[in-house]
Amino acid sequence: MIKKIKDKMFYYAVERNPHILQEYQQYRWNNEELHRKHRLKSWLYLGNLNFKHRLLKIPSEVTLHKLPEKRVRLPYLQGAESNLLKRKPPHIFARDLLSYDVISFDIFDTLVLRPLDDPRALFMILGEKHNYLDFSNIRINAEVQARDNAAVLKGNREVTIFDIYEIIEKRTGINKDYGVQIELETEIDLCFANPYMLRVFNILRAQGKRIIATSDMYLHESMIRKILNKCGYIGFEEVFVSCDYNCSKRDTNLYKIALKKIGDFNKVVHIGDNYVPDIESAQKVGIDAIYYKNVNDAGRQYRTEGMSDLVGSAYAGIVNAHLHNGIKEYDPYYEYGFIYGGLYVFGYCNWIHEYVKKNKVDKVLFLSRDGDIYQKVFNNLFNDVPNEYVFWSRIANTKYTADVNRDDFLTRMITHKAINVIDITVEDLLKSLNLSTLEKRLLDFGLRKEEIINKGNVKQLENLLIENWDVVIERYMGENEVLEDYFINVIGESKKVAVIDVGWLGTGAMGIKHLVEEKWKMNCEVKSLVAASASWSRAANINELMKNQTETYMFSRFYNRELFDSHLNTNKNTNNVYFELFTQACYPSFAGFDVNSNFEFDIPEVENYDVIKKIHQGIMDFSTMYNEFFENHSYMYNIPGYDAYLPFRMVTRNVEFFRRFFSETAFSRGVGADYTNQRTETIGDILNKVNL
Amino acid sequence: MILYHAISSYQLLQSMVHKLLYHKSKKAILLTTNFLVEKFPIHSKMYSLFFDEVVVYHSHEIKGQEKLDLLDNTNDYFTRFFEKEKINLDDLDHIFVSCAHSFFGIYLINIKKNFIFMEDASGLLSRPEILMNIEKKLFLAKHEISESFGLYNGDNELILEKYCNLQVQLPGFKDSKAVHIDIVKSLDLLLPNELEIVLNFFGVDHINFDENSMLILTQHFANLGIMSFEDQILIYQLLVDYFSLDYKVIFKLHPDDLMYYNLLFPESVSLKGKFPAELLPYAFKNPPKAALTVSSTAINNIGDQFERKIIFDNNFENEFKKIHRYYTALKFLDLLSYSNRKIYSYGVNEAIMKNLINYSDLNLYNRSLYELSNINDISNNCIVVLDKHDCDVNENIDIIKCIKKLDSNSVLLFLNSHEDYWFYSLESKKLLLDMIPITINKTANAKDIYQDLESETIYIYTKNEEVKKMITESEFKRELENTGISLGVEKKTQDELRIKVLEGILEATEKRLLHYIKLNKELASKIENKM
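Protein sequence lines, in the order shown, are assigned to chains A and B.
Number 203 in the numbering used here belongs to position 200 of the first sequence; there are no gaps in the numbering.
Number 426 in the numbering used here belongs to position 417 of the second sequence; there are no gaps in the numbering.
Do not take every clue at face value.
Heads up, simulated DSS-like pairs for lysine-lysine below, C-alpha to C-alpha not over 27 Å straight-line [to be verified]: (1) A/259 / A/157; (2) B/76 / A/616; (3) B/146 / A/91; (4) A/379 / B/48; (5) A/264 / B/48; (6) A/617 / B/451; (7) A/270 / A/11; (8) B/122 / B/76.
Because the hints were derived from the structure by calculation, they are not lab data.
Same shape as in the complex, but just chain A (with noise of 0.2 Å):
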């Protein structure tokens, strides 16, 4: 009798009222000991907490809907996230169960995991299934009825599957049975085993210990178990829910009918995250209980906010699975690329792959560097596409535009060498462009061979340039043939090709449709795809954005300019350098042909080729995984460029994260670099000369 009168002010303290409930439970988590010790504290935190959302009607931080974060979220930044709960490993924590006789699991959040941070979410992908608006708020909302109802009929809050169907019935016209059916088999297509409990299970299994699940939940023991069998968990002795035996866990009833059922003079433990049913319950009725913490809330507080719903959930979902479930501790590379990265290369590649579906775009042509991870991802994910890897960079193209773009050769080659982190002397800058030939004429301009190019005289070095540019353009222009030779070869008989790059200005791309369309004249349309847009002069390619001649994936001047603004107005404008780590290569970047008609290549940053390597992986995986997990829901794949770019946002929210663990990579954010003592600048370097 008491204990019913407990559980029935538990319910209207607490459970009622979802912000109050999400707030509680993380009270009791992090304050567990404290709890046991005074209880009067833990009460008077409730009454405050039923004072600020009951009368007060303050929202929780984290609510169903997630309302507005207030506070601002940040990377980790203590080393690899996947470190931060330092779980045992599973084979450690399934011999610390061996002197059991039974072990229960919990299901949802420990043995099963679903690839979305809130299994609400699921509601929007079942909305798209019945084509009906609004659906998940629909479902959400019939099964708090549901619930009522129980409350009233039967004296508890345990719903069916069907009851809440039978409410949607009503409201909706869907058809119960067939609304159930969608649900589970949604849940049967998206649940994945957690790999680190599924090794835990499989080694219990093999020292033929006796495993029992308990889950409060409304999908009977039929239902859930072909969900752990989907999942590979195979060999319950028994599945005891919730709904099957109107009573829960969390009122310890359902605990007492397992203990029962499977002999209670057995040494019993459970593992579960929900802390009051799976630890606090269990413990009531002398059942051992180890919490499992769950994934998502290890994560959240590190996963970027303001994304759209469905692509956020699935996002953070498929990211804290990954990275807190426990079994494997990553590097900070590797993860830089699944956090951060992941996201946006997979939607920038179907976004790429839907262009060239709906443009009738011929080929592909990804250009190098960047283009090595964007292509692996691409063929990862379509087969249907023709596609290049073309050796291209900004060297080489403002070398062979040479002749059209005199402006940008100039500023690249030699007004941003006087900016460098790295002194280069004027000999040396005239030998990486191949004028050697014209260090007869520095003293008619005021230069010595030996001068460090600086404010002072790059103004001096750029005349000599100009006064010498049929020089200049006779050095370049000879190797246009090889490089005719080589584009018709890639390009072959495509008569409408998109030329992938990360960004900025689209200039790579405009280069080769200058030299294709007009130069060459090759029948050939030339379309630039870029991943965003920015520049230190805002409006310099407004009108090949405007023209359409450029399309950009995540932001430009007139596309998502809160992006925009805010990836060129913070970190004092190397924001650029940060998202280029995602598509470096492990080989150097093109430099051009020499006299001979052979490939030339930059100074090769082998120092970095290992970090490269780790974030691609990183990249890759989350690519695969996300492709794996929506195959059957492939509207999931079209990510809004704004949600893309979000994780990357996070990130540079603190550039301590580049201070800490890429300042020793090499970075060159220029052309041409410092041949003579083959050096780069660092990102260390960077993040010093521009003192952040």
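With chain A's structure known, arrange chain B on it following the hints.
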């Protein structure tokens, strides 16, 4: 009264048998840890058939990162423990300690108490480095104490005698305190009813094996921190794929091994029970034809039961992933039909070579393998499989000299397993142009695999154009069913071959470049510190 300390199944068996044979009438205490009684519960009345009292300590309660702290804590713990258990060590006639490098062994040395050392597992007395490597990874401070106390090899003067199996120690092993005890032979000395009790205690059932079976004695690598759980899966997948051939596979799990072999190898059988492998002879009527082990000491005791013994030493734990390179190199010797030529090796893992030659599907059975200790011993008209790690400048120079002077009948197969291109030098890079790269491709046939799919390349050097042609035109494919991959080498066009050669040169150059970048950084840092 006597006391036995045992913390593993083997040590427990050893203590039981010793007690029955030599101290039957004496009162005995078994001192053990909670880990052992989890496997053989303390409430089991079976203990009383051997020991008058069983006392259990919890080793994980002894903590300390620094040596001195750990020593103090060990002292405190056991002083309180024996007070609580009302055991006075001075009252004991003998103390027999298995796993002397445990906290109890440390405690005894600390309080200057004599004891008798019992080998951890057979053959380990002469191979203490195996224990040291494990302990170093698990608990560094404890390892340092054990080493300084001479507890791994029993060199401490407080140790009165060392009970061990002298017949399975390393050749040339001598120890004046060593006393020979062969656990398997000792079992034969037990009275039939005593033997039955021992077998019952460990739950040994009589098993009928398919005659054409291969027994795999497993190790609990992941538990010991020797390798990850995933690698433990992979090591056995590879072994089964390369060596099980037509045998029915039977796993005899190490008592602490938690691996789910029955799921990983659905066609296999896993023996029930957590008994020491030394009891196996009492389990089977007809022993399996073959036995395979990696770092299992039990094979030292029961090896004579099997027709075919495929044994890998503990170096295999670090080198098993290179097995595809070994297999491919030997497969090429097989394909080239060098049936009468001697095979030499330099810097390779001999056990992998020998086992692949004799027990895999290669047609090289019984071919002799000669190990070279010096590169300069490589002579004309020979076939050499080479591998090397951390080679010094001289070795690099020597191998280049050696390659240059070889005749056209010689074939060198460089496994390059560390991918350090030790046979490459900038000055003689043309040599690499004459080498034939053999790319080993791996393709996945299953979803969950533990083998990485990155291709591997070995290099074959020969001056003989005909042999070169045969090599470039050879190809093979090998399914590794349990590993879930196909292994394959394909023919290459001249262009593909050239690209592969250039890739090799590029990779070798990058390695060299990385080396100099590292040196440069170190130098810059030193200069900066001096300034």
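Here's how the hints hold up against the structure:
1. With a C-alpha separation of about 19 Å, the suggested pairing of residue 259 of chain A with residue 157 of chain A holds against the 27 Å cut-off.
2. A C-alpha spacing of about 40 Å is found between residue 76 of chain B and residue 616 of chain A, which places the hinted pair above 27 Å, so the restraint is violated.
3. At roughly 16 Å between alpha-carbon atoms, residue 146 of chain B and residue 91 of chain A fall within 27 Å of each other, so this suggested pair holds.
4. Taking the CA atoms of residue 379 of chain A and residue 48 of chain B, the gap is about 50 Å. The hint is violated against a cut of 27 Å.
5. At roughly 26 Å between alpha-carbon atoms, residue 264 of chain A and residue 48 of chain B fall within 27 Å of each other, so this suggested pair holds.
6. Between residue 617 of chain A and residue 451 of chain B the CA atoms are separated by roughly 20 Å; this keeps the pair inside 27 Å, and the hint holds.
7. At most 27 Å may separate the alpha-carbon atoms for a hinted pair to count; residue 270 of chain A and residue 11 of chain A exceed this at roughly 30 Å.
8. Of the pairs offered as hints, the one joining residue 122 of chain B and residue 76 of chain B holds, with about 20 Å between alpha carbons and a cut-off of 27 Å not exceeded.
In this structure, the earlier hints numbered 2, 4 and 7 are contradicted, and the remaining ones agree with it.
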